[in-house]
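Just need the whole structure built from these sequences, with the hints factored in.
These are the residues of each chain, in order.
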Amino acid sequence: MTCSANCFARPALLATVLFTALAGAVSSAAAQTATVTAKDVWVREAPAGRPTTAVFLVLTNSGTTARHVVSGATAAADTLELHEMKRDGNMMQMSPVSRITVPAGGDVTLRPGGLHLMLFGLRKPLVAGDTIRVSLTLDDGTKLEVPAEVRAMMGRMP
Amino acid sequence: MGLFLAAGLLACGEAPHDFTLTDHNGQRFELASLRDTTVLVFFGYSTCPDVCPTTLSKLSAVSRRLGDARTGLKTLYITVDPERDTPEVLKADLALFTLDALGLTGTREEVDAVAAQFGAEYRIVPTPGSAGQYSVSHTTDLYLLDGQGRLQRTFPYEATVEEIVEGIRGVAGG
Ligand SMILES: [Cu+2]
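Chains as they are written, first to last, in this note's numbering: chain U, 21 to 178; chain Z, 701 to 874.
Hints were generated in silico from the structure; no laboratory data involved. Glycine included, C-beta positions come from ideal geometry on N, C-alpha and C. Among the clues, some could well be false.
Short derived list, chain Z residues pointing at chain U, Cβ under 10 angstroms [stated by the list, open to error]: (1) T722; (2) S746; (3) D750; (4) L766; (5) G767; (6) H838.
A few chain Z positions that, by computed beta-carbon distances, are all more than 12 angstroms from chain U [as the list claims (entries may be wrong)]: (7) G744; (8) R853; (9) A872.
Set out below in structure tokens:
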């Protein structure tokens, strides 16, 4: 890494720490690590008896290096996996993916019908209006802690 | 270990469909009990995080749009994952929607026979290392049956609320 890149990184990191503290204080829907931020984070409601659901969000990378989400966790479920729903011929198929890339200077949207964070083994029903906390780990080891708002099934018309 | 099913789609307006499955209240259900009712049929499974909720949301909107005519419409949500989708699971899912729908399950053989009747396809895909153990790829068409159980229209997953409402009005005789 060059000196100028190093010098540039420091104030950015400091700003991130400040921003995170501030975001926590006002319990903003946004959260931030070194360069990757999350917004519009929501999770589909799950009635008693439904063991799975999915989290959707937009990840933005303000840095000059692509970052990858490599894993995640939440206290609301036993397991969080990175998944993708896609069309396979005339069928819709859901498959685990090893990572989700957030391009340098760009963003990636996790949405119904596409990429999502899949929750298995829900520990309690998720009721619309509630909030759960989700933690994502990036390939550089940083963690992104974000609140996800539980939204009604009906509240999401395509 | 994949299971793959395919069958020819019955031509529109031909022989009436019939089948027997178990509904989300644990009662045996016969399609023939819905004579004189327009019926929408789709296949899915409850673990699916969005195709099925999206379809159920869309059909709830269709129902609202139909107004009073909605009483002549019944939606059938047939699971292609009967091992996990017990009547209780289907019932809990459907409770989230304002829709006159029955969740239907059965033995694997029963479900296969109904899927084949409609030309619906699904494939169980093992997902080693995933807590889900397997996922189920499936076709997402929506089948519209008239009051005699005859297939009148097939809508793709992308069909809009308006298109489905129009199709139903056409079959129900306006
Ligand atoms: Cu998934």
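Hints, verified against the model:
1. T722: violated (16 angstroms)
2. S746: Holds - the Cβ of Z/S746 comes within 10 angstroms of chain U, reaching about 6 angstroms at its closest.
3. D750: At about 4 angstroms, which falls below the 10 angstroms cut-off, the nearest Cβ of chain U leaves the hint on Z/D750 intact, so it holds.
4. L766: violated (16 angstroms)
5. G767: Interface hint status for Z/G767: violated (18 angstroms vs cutoff 10 angstroms).
6. H838: Holds: closest Cβ of chain U sits about 6 angstroms from Z/H838, inside 10 angstroms.
7. G744: violated (9 angstroms)
8. R853: holds (17 angstroms)
9. A872: For Z/A872, whose nearest Cβ neighbour in chain U is about 23 angstroms away, the distance exceeds 12 angstroms, so it holds.
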